[in-house]
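Engineer: Here's the letter readout for the chains.
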Amino acid sequence: MAEGHYPEDLKYHREHDWVRVEGDEAVFGITWYAQDALGEVVYFDAPDIDAAVEGDAPYAELESVKAVSDVYAPLTGTVVALNDAVKESPGLVNSDPYGDGWLLRVRMSDQSQLDGLMDAAAYTAYLDGLS
Amino acid sequence: MSDYLAVTDDDLDVMLRAIGVASFDDLLDAIPEEIRMKGALDLPAGRTEQDVMRHLADLARRNTSCDDETSFLGGGMYDHYVPALVDAIVSRSEFLTPYTPYQPEISQGGLQVMFEYQTAICELTGLDISNASVYEGPSAVAAAAYMAWGQNHRPEYVVSEALHPHAKATLRTTAHGWGGRVVEVPLRDGVTSADDLAAAVGPGTGAVIVQQPNFLGAVEDLRSLSDAAHRAGAVMVASCDPIALSLLATPGECGVDIAVGEGQPLGNRLDFGGPSFGFLAATSAFTRRMPGRIAGQTTDADGRRGFVLTLQTREQHIRREKATSNICTAQALNALAGVLHLAWLGREGFVGLGELLARRTHYAREQLCAIPGVTPLHTRPVVREFAVELDGDVNAVIAHCQQAHGINPGHALAADFPGHPNGLLVAVTEQRTKADIDALVRAVRSALGATVGEVAV
Amino acid sequence: MPASTGNPMQDEAVVTIYERSRPGRAAYVAPPPDVPDVPLDDILPPALRRATPARLPQVSEPEIVRHYVRLSKRNFDLDSGFYPLGSCTMKHNPKLHERAAALPGHSRLHPLQNDTHTQGALELMFNLQHALAEVSGLPHVSLQPSAGSHGELAGVLLTRAYHEARGDAREIILTPDTAHGTNPATVTMAGYTVVNVGTAPDGGVDLDDLRAKISDRVACLMLTNPSTLGLFDSNITEIARVVHDAGATLYYDGANLNAVMGLCRPGDMGFDIVHFNLHKSFTQPHGGGGPGAGPIAVSDRIAPFLPVPVVARDQDGTFRLDHDRPQSIGRLRGFHGNYGVFVRSYAYICSLGAEGLRRASQVAVLNANYLKALMARPGIGEHLPVAYDRHCMHEFVLSGGPMKRNLGIRTLDLAKRMLDYGYHPPTVYFPQLVDESLLVEPTETETRETLEGFADAIAEILAEAAVDPDVARNAPYTTPVRRLDEAAAARNPVVRQPMD
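Chains as they are written, first to last, in my numbering: chain A, 97 to 227; chain B, 4 to 460; chain C, 741 to 1240.
Read the hints as simulated data drawn from the structure, not as lab findings.
Mixed in with the good hints, there may be bad ones.
DSSO-like mimics (lysine-lysine), calculated; alpha carbons at most 27 angstroms apart, straight line [to be verified]:
hint : chain 1 : residue 1 : chain 2 : residue 2
1    : A       : Lys-183   : B       : Lys-325
2    : A       : Lys-162   : B       : Lys-325
3    : C       : Lys-835   : C       : Lys-813
4    : A       : Lys-162   : C       : Lys-1144
5    : B       : Lys-325   : C       : Lys-953
6    : A       : Lys-162   : A       : Lys-183
Residues of chain C placed beyond 10 angstroms of chain A at every Cβ, according to the derived structure [as the list claims (entries may be wrong)]:
hint : residue
7    : Arg-762
8    : Asp-781
9    : Arg-810
10   : His-832
11   : Lys-1144
Keep in mind that this is a model prediction, so the values were computed, not measured.
Every residue gets a Cβ at the ideal spot worked out from N, C-alpha and C, and that includes glycine.
All chains should be built: construct the whole structure from the sequences, respecting the hints.
Structural biologist: Shown next, in the form of structure tokens:
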């Protein structure tokens, strides 16, 4: 994917993470911008199932050949599932950041935190400000 | 004076004009006047190449090397035969003069050597992954402790009394930085006791570190020591002699998590203690905690086999303060000498060398201990080195053997093992024949006679 | 394998020494047994022995030699071509040094030999200690550390010992944001926390930021001067004053010492601790990634804590290893340091002498500024502007940012294309402060023609990219292998030869 794209149905965190809300659970991943900046992802150092993740704090690392990036939790919650496919094939984060490249699924502790996140338009404007 | 420069007066004119300054000093405008050197360095004037060579040869002549006497010195570095092909290959500019392989397309030779080296170390140690080498043996022990610290953050390192004294000292110095401390387990009849070790380890023990064979030459029972370490949840580290691994149960077979060691016996000169290389290998659980460079196999844009530095996100240039180590490069040229030596020895030759050493060392111990006034310091199995206690001043014996017989009988243990004030550590390499050993026995007998005055020659 | 390329090196199958192995072949011939042939089981019980032999290769001597000579030809090296790798000081390695280091009196000297039988070696080390003290302007030297990073560790542990001896617990070490990665990694190993100090627009330390971050919790500031940008920090004496007023030590990373030998001295700038890279400034060959050596020099207040042993000279002129230093931090390695490296660096110092060392630094600075001037010419300057437009010391930084925007090629592409032109590229993507950076260090031993040829090559590559950027993007073409898939290597690590 040569061009950045930011789906309308997701919420975005300023550390370039996205959230997809599904009932009282949320799926986390990193944005197109983040994977592009990192380059080819080679390793996902994931948290354990049942681990607590805290909003605005790093919960995992993604590694490319020559960079390491903390992955931030947009929301507080408990890990209920990990994407084993990304552990096996980390390149999915590059090829399909919003689909097969999702990282983990959490049970949210505080849905009101969603209000602090950006929608696609706000995130795109935020990215424009960075460059 | 040789200065290896090429700049002519004409060059200087052209260059200064191109830069746009009138004189060289204008280039130094950023250096404040008050810290510029006013006079010259207080060093001798430069000399011609032949003068410098003469000076260095004069200094060399004032050393007694292993060419000048029959040496039974060991204690961490050994006078093994270095095959001629090692000199021929390591002196090639293509191996001697490049930097670290930052551009893999023009560094395939060096990278493949690292890959072959890593393979050899995995074979010697029976472990899953080796890095491309570290500085040398004792600092490799400290590097292993830092790996354990990264894994379990337990600050106590329980070491065998017969870990090399320099390794113990290096570990103490280095671990003090991150708040680690060192606890020693004493020896019983020359080896580390698993029961004593089990009593010494606890929930604060980050790693257990032993040496194989230990500093006094004795072969340790690594399996039982590993079990004791693991029961306390500690990482098991063994510092191993690479030549002895031709015969001994591998660290991998014995449950060791991290094996390190001094690589000098593999193809490296004595060089008065360095440079050599340290090896470091571990189980795959430690892959992402390994320090230093690691070469890996891959393919190029056209599908050709090739090699690159890999798993680099562990390293200081990427992970900075969170790196697994601060080490930058390794000891690539020394590790190459190691690979060459091992290839030259070959699969069967390596085992044959080990057996030769074991038999000669056994013979030397038996013959020496047959002298009145010489007793074995322990009776454990040995491979290339053993320790005895003399009934007489060990330093006087050494001096007598050197002066009267041209034999250096070994290393006095007193400084590091005060309980053995007249202990002597004797190493036997394949360069020391039966005739040399017999001469050693005669010399020690004569020295004891001369210094004690009660033993007939 | 791909179809033939016409490049014999690329067509050659890549085979490891293990894949050349055939049962029954060998190089080594064992000496005939001379001692009694006792059964091995009697002297080394089977329970202590390995189950199977190490699977070392079974190859003849001619095969070994040919294998490694062929591998050697797959390396680029300093003796073959220009190697302007920034911060690495790839100056000529004099051949005399190899001859001198190989003398048996040096190379076959056992480290546990008594001091009375090692007087030549100890004198050499003593003289080297003196020379390094003189070059650094700091009177006390330990030769022990094995490399620059090891010297850094020594320096930070000395800082810890110094503060602890005064009962002064401190927990922070400051490093510039331009620092080499070994600095922060070392700080963590030594139990301190890293805090970054910013860089001012002129490339020096941001003094306001330093003043904001210095406190009695700061143990040390680690600095390189000239910095990793190749710039001399004119504020150095003020920086030293700020650091010393707060009771902290000032550490000099000697990676860039080649710029200032005999011109100015870290000790005179106010530094407490310096490490040297003998493999950079004092021309120990790099060996494809080691060996090197990283001795340190320190001021009077740090001296009691130096690692043991140091070489001392007694009243009667004899030399000895001094272990009796009660406040010493102890050892950092086995034995006395990388003596083989000392021989080479000492030979270098003897050859150049006081005047030669100064001349070497002067020409290093001259060559760097001349090459920087060549890089400003039309066809290069608009694509690769110098990051800080002032006189540099021994190296300088270019930014490939404009090149990326103007021509659509990145610094990596430029570097890979240089390989086809027979040059080792400069250091790339360091320092990270500069976009698409190239750090260029020509060294003093290169001729003017070499520098001009290098500039011409860069101009050609850029001109070629203006026509077709894919040429650089797909480079190199002529090397033993083409661009390698580093992501695949990291995702699926194969780090040893699989067997059987």
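Engineer: The structure should be examined with respect to each hint, and the outcome stated for every one.
Structural biologist: Hints, one by one, checked against the model:
1. Pair hint Lys-183 (chain A) plus Lys-325 (chain B) holds up; C-alpha atoms about 22 angstroms apart against a cutoff of 27 angstroms.
2. Between Lys-162 (chain A) and Lys-325 (chain B), the direct Cα distance comes to roughly 14 angstroms. Compliance with the 27 angstroms bound is thereby established for this hinted pair.
3. Distance check on the hinted pair: Lys-835 (chain C) and Lys-813 (chain C) sit about 20 angstroms apart at the alpha-carbon level, within 27 angstroms; holds.
4. A C-alpha spacing of about 19 angstroms is found between Lys-162 (chain A) and Lys-1144 (chain C), which places the hinted pair at or below 27 angstroms, so the restraint holds.
5. Taking the CA atoms of Lys-325 (chain B) and Lys-953 (chain C), the gap is about 21 angstroms. The hint holds against a cut of 27 angstroms.
6. The straight-line distance between the Cα atoms of Lys-162 (chain A) and Lys-183 (chain A) is roughly 18 angstroms, inside the 27 angstroms bound, and the hint therefore holds.
7. Every CB of chain A lies more than 10 angstroms from the CB of Arg-762 (chain C), the least distance being 37 angstroms, so the non-interface label holds.
8. Distance check on Asp-781 (chain C): its Cβ is at least 47 angstroms (rounded) from any Cβ of chain A, clearing the 10 angstroms threshold; non-interface status holds.
9. No beta-carbon of chain A is positioned within 10 angstroms of the beta-carbon of Arg-810 (chain C); the least distance is around 28 angstroms.
10. Non-interface status of His-832 (chain C) relative to chain A is upheld: no Cβ of that chain comes within 10 angstroms, the nearest being about 31 angstroms off.
11. With a closest Cβ-Cβ approach of about 14 angstroms to chain A, Lys-1144 (chain C) is found to remain outside the 10 angstroms limit, as its non-interface label requires.
Going through the hint list in order, the structure satisfies each hint without exception.
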